[in-house]
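Here the protein sequences line up with chains A and B, keeping their order.
So in my numbering, spot 240 of the first sequence is number 240, and the numbers just go up one at a time.
In short: position in the second sequence from 1, add 289, done, that's my numbering.
Keep in mind that the hints are not guaranteed to be accurate.
Claimed, not checked - If you only want the chain A side, here are some residues facing chain B, beta carbon under 8 Å, derived:
1) V24
2) D215
3) A239
Claimed, not checked - Take a look, some chain A residues computed to stay more than 10 Å from chain B by CB distance:
4) R43
5) A56
6) K160
7) R167
8) V211
9) D224
10) T257
11) D278
12) E281
13) Q286
Don't read these hints as lab results, they were simulated from the structure.
All residues carry an ideal CB built from backbone N, CA and C; glycine is no exception.
Each chain is listed here by its residues.
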Amino acid sequence: MSNVNPLADLTSSNLVIVAGKGGVGKTTVTAVLARAAADAGQRVLVIELDGKEALAELLPDLDVRSISAAESLEEYLVEHGFKRTARRLVSTGVIDVIGTAAPGIDDLVVLGKIKQLERSNEWDLILVDGPAAGHAIKFLTSASGLLDAVRSGPVHDQAKDVLELLRDPQRCGVLLVTLPEATPVNELIETLAALDERVGVRLASVVVNQVDLGDPLPDPDEIDFGRARVQIEDAIAAAAFRRAHLAVQAAELARLTTEVQLQQIHLSARPVAGLSGDDIETLAKQLVR
Amino acid sequence: MTPELGDVPGTTPNSFSGVVEGASVLVCCGSGGVGKTTTAAVIGLEAARRGRRVVVVTIDPARRLADALGLADGLTGEPQRVPVDDSSVGGELWAMMLDTPAMFERVVRANAPDAAQADRIVENRFYRNLAGALSGTQEYMASEALHELHGDERFDLVVVDTPPSRNALDFLEAPGVLTRFLEHKAFKLLMMPTRTGLRVLTVATQPILKAIGRVVGSDVLADAVAFFQAFAGMDVGFRQRAEAVTALLRADTTRFILVASPQRDTLTEAGWFANQLAGQGFSVHATVINRLHPRFGEGSVADAASRAATATERGKFELAAVWNNLAELRTIADAERAELAALLEQVADSTVVEVPLLPSDVHDVVALDVLAQHLFA
Numbered sequence: 001m002s003n004v005n006p007l008a009d010l011t012s013s014n015l016v017i018v019a020g021k022g023g024v025g026k027t028t029v030t031a032v033l034a035r036a037a038a039d040a041g042q043r044v045l046v047i048e049l050d051g052k053e054a055l056a057e058l059l060p061d062l063d064v065r066s067i068s069a070a071e072s073l074e075e076y077l078v079e080h081g082f083k084r085t086a087r088r089l090v091s092t093g094v095i096d097v098i099g100t101a102a103p104g105i106d107d108l109v110v111l112g113k114i115k116q117l118e119r120s121n122e123w124d125l126i127l128v129d130g131p132a133a134g135h136a137i138k139f140l141t142s143a144s145g146l147l148d149a150v151r152s153g154p155v156h157d158q159a160k161d162v163l164e165l166l167r168d169p170q171r172c173g174v175l176l177v178t179l180p181e182a183t184p185v186n187e188l189i190e191t192l193a194a195l196d197e198r199v200g201v202r203l204a205s206v207v208v209n210q211v212d213l214g215d216p217l218p219d220p221d222e223i224d225f226g227r228a229r230v231q232i233e234d235a236i237a238a239a240a241f242r243r244a245h246l247a248v249q250a251a252e253l254a255r256l257t258t259e260v261q262l263q264q265i266h267l268s269a270r271p272v273a274g275l276s277g278d279d280i281e282t283l284a285k286q287l288v289r
Numbered sequence: 290m291t292p293e294l295g296d297v298p299g300t301t302p303n304s305f306s307g308v309v310e311g312a313s314v315l316v317c318c319g320s321g322g323v324g325k326t327t328t329a330a331v332i333g334l335e336a337a338r339r340g341r342r343v344v345v346v347t348i349d350p351a352r353r354l355a356d357a358l359g360l361a362d363g364l365t366g367e368p369q370r371v372p373v374d375d376s377s378v379g380g381e382l383w384a385m386m387l388d389t390p391a392m393f394e395r396v397v398r399a400n401a402p403d404a405a406q407a408d409r410i411v412e413n414r415f416y417r418n419l420a421g422a423l424s425g426t427q428e429y430m431a432s433e434a435l436h437e438l439h440g441d442e443r444f445d446l447v448v449v450d451t452p453p454s455r456n457a458l459d460f461l462e463a464p465g466v467l468t469r470f471l472e473h474k475a476f477k478l479l480m481m482p483t484r485t486g487l488r489v490l491t492v493a494t495q496p497i498l499k500a501i502g503r504v505v506g507s508d509v510l511a512d513a514v515a516f517f518q519a520f521a522g523m524d525v526g527f528r529q530r531a532e533a534v535t536a537l538l539r540a541d542t543t544r545f546i547l548v549a550s551p552q553r554d555t556l557t558e559a560g561w562f563a564n565q566l567a568g569q570g571f572s573v574h575a576t577v578i579n580r581l582h583p584r585f586g587e588g589s590v591a592d593a594a595s596r597a598a599t600a601t602e603r604g605k606f607e608l609a610a611v612w613n614n615l616a617e618l619r620t621i622a623d624a625e626r627a628e629l630a631a632l633l634e635q636v637a638d639s640t641v642v643e644v645p646l647l648p649s650d651v652h653d654v655v656a657l658d659v660l661a662q663h664l665f666a
């Protein structure tokens with residue numbers, strides 16, 4: 001069920017888009033997977049979408065690129081006969097109007113850019129730290145939406161190519177990240193249903209981040225503390241807290257297993273509030289252990 | 290909770306209760322996943338218990354929150370009365386979810402000179418895309434909803450949960466987003482007077498539009514042109530409205546509550562939010578740090594760890610596990626505290642409230658009560 005050769009499943013597609021609600025640790029998971037794949041000898045490219053610089057810091061030795069909608073659209077316009085005016089179109093904000101006239105075109109040009117990179121065959125695995133929150137669905141449905149809205153021309157062709165990429169399990173998969181808590185699990189289930197129905201993309205594993213992998217604790221009321229007197233109450237309260245937390249987690253993981261028939265990868269909760277490159281390395285080792 | 294500020298909880302204006310008592314609008318901001326919606330709901334519930342007539346507007350509420358509030362059918366775009374157990378003091382709690390397209394249509398209808406023009410706009414495909422997709426539309430409608438509810442006599446406190454955004458300014462600048470869109474150079478391009486002096490334009494008359502049309506499709510572009518034409522003359526009303534909303538955001542009784550949780554990335558974003566607010570002359574009145582691990586006493590990590598080691602030596606493995614657990618939880622609590630330091634310094638002028646991590650998700654009134662006790666301690 002968990003931690004069964006996670007990399008094999010992951011790297012069966014050239015391109016893996018990591019998606020999940022804000023706060024679940026998408027960026028961490030992207031970094032850990034990239035590190036694990038690179039350690040296994042793969043040529044890995046990491047793509048971040050919203051200009052966060054976090055990944056380059058966490059993976060200083062890997063190929064990390066940032067792709068923005070504005071730049072991709074400009075590039076797209078240059079390639080489609082707007083050579084001289086592209087920059088002006090973007091800087092005057094005509095792009096907003098185009099984006100509104102044909103919603104999803106900003107996402108489509110980003111996916112088009114990713115498709116180009118995937119086609120170059122320079123990398124064994126391209127990992128995309130996907131867009132946040134509910135935006136993942138919008139991002140991934142941009143191609144099918146535009147295919148309907150724009151019946152001919154370069155946008156139509158681009159949408160067709162991107163859709164081909166998304167629907168080819170050899171080339172592309174989506175990996176969803178969640179936490180072992182009720183609300184994130186509910187949201188994962190909803191997102192999965194929507195992706196399945198509306199995109200038809202291969203769903204790779206589910207990564208459950210921040211799992212407490214600690215051993216079950218004994219009931220503190222039944223523990224003989226011997227002669228110790230000081231801090232016993234603290235220890236008892238701490239054990240009760242951890243036990244309650246583990247019980248909730250076990251219930252949510254069980255629910256996830258029942259409702260989602262995908263391989264689960266569990267990443268442990270690190271006892272620090274923020275992660276460094278070293279922590280990513282540790283988590284990556286744990287992943288392939 | 291913040292001895293460095295010398296707060297006396299309860300009645301001073303600097304206490305969290307004081308911030309809420311003196312407010313007619315509370316704006317909860319912060320990045321996604323920090324418990325912003327839950328915080329807004331808890332504030333609403335407690336304020337209602339204290340006699341306020343409160344409406345909470347949430348952006349994208351988790352289903353369980355509606356359950357926790359006892360709303361079996363979930364939240365809708367209209368305020369719904371939420372049962373509050375103790376209403377002896379005359380307080381009321383109402384809750385609603387932001388319905389962006391419905392709100393946008395109300396704003397359009399309020400500004401259109403006649404129903405026919407309003408219909409032309411709301412039926413336009415470009416408008417429907419705009420209502421659903423223009424970045425900032427959700428923020429804009431949240432601020433519109435805030436203005437509308439503020440003027441609604443049923444309520445004396447509006448608590449608004451801002452859309453998850455990396456940019457605090459998205460919400461603050463939201464009121465002007467449509468007027469800016471309409472004042473856009475692109476708009477002028479589309480509306481450029483023709484030789485005959487008419488502000489009418491067909492795609493064919495503009496080479497650049499023709500070119501854009503070749504990329505995105507000419508019917509798509511025709512919708513855009515029709516939209517801008519239908520909107521002509523309405524920008525004045527929109528601008529006035531935007532000014533009124535901005536004035537409300539800047540009013541003394543509008544207060545900003547920054548919500549964060551003790552992870553490094555969310556704290557960085559919270560610090561960034563606080564900076565942006567300050568840069569625009571807004572101050573953070575209260576800072577809520579959600580989901581802090583409890584520390585379990587003042588003892589050291591080393592102390593708990595050495596007891597675990599002793600127990601292990603004596604073969605008492607269960608006892609060792611219990612002491613190890615205490616050491617681990619204290620390590621986490623100390624690490625979180627260290628991560629928090631920079632933000633707490635930055636928001637030292639605001640009232641800081643710390644809310645501990647509960648063992649389970651907040652999904653019932655009991656849990657909301659526990660949170661309320663911590664917030665309003």
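Evaluation of the provided hints:
no.	hint	in the structure
1	V24	holds, 7 Å
2	D215	holds, 7 Å
3	A239	holds, 5 Å
4	R43	holds, 28 Å
5	A56	holds, 14 Å
6	K160	holds, 14 Å
7	R167	holds, 23 Å
8	V211	holds, 15 Å
9	D224	violated, 7 Å
10	T257	holds, 18 Å
11	D278	holds, 14 Å
12	E281	holds, 17 Å
13	Q286	holds, 17 Å
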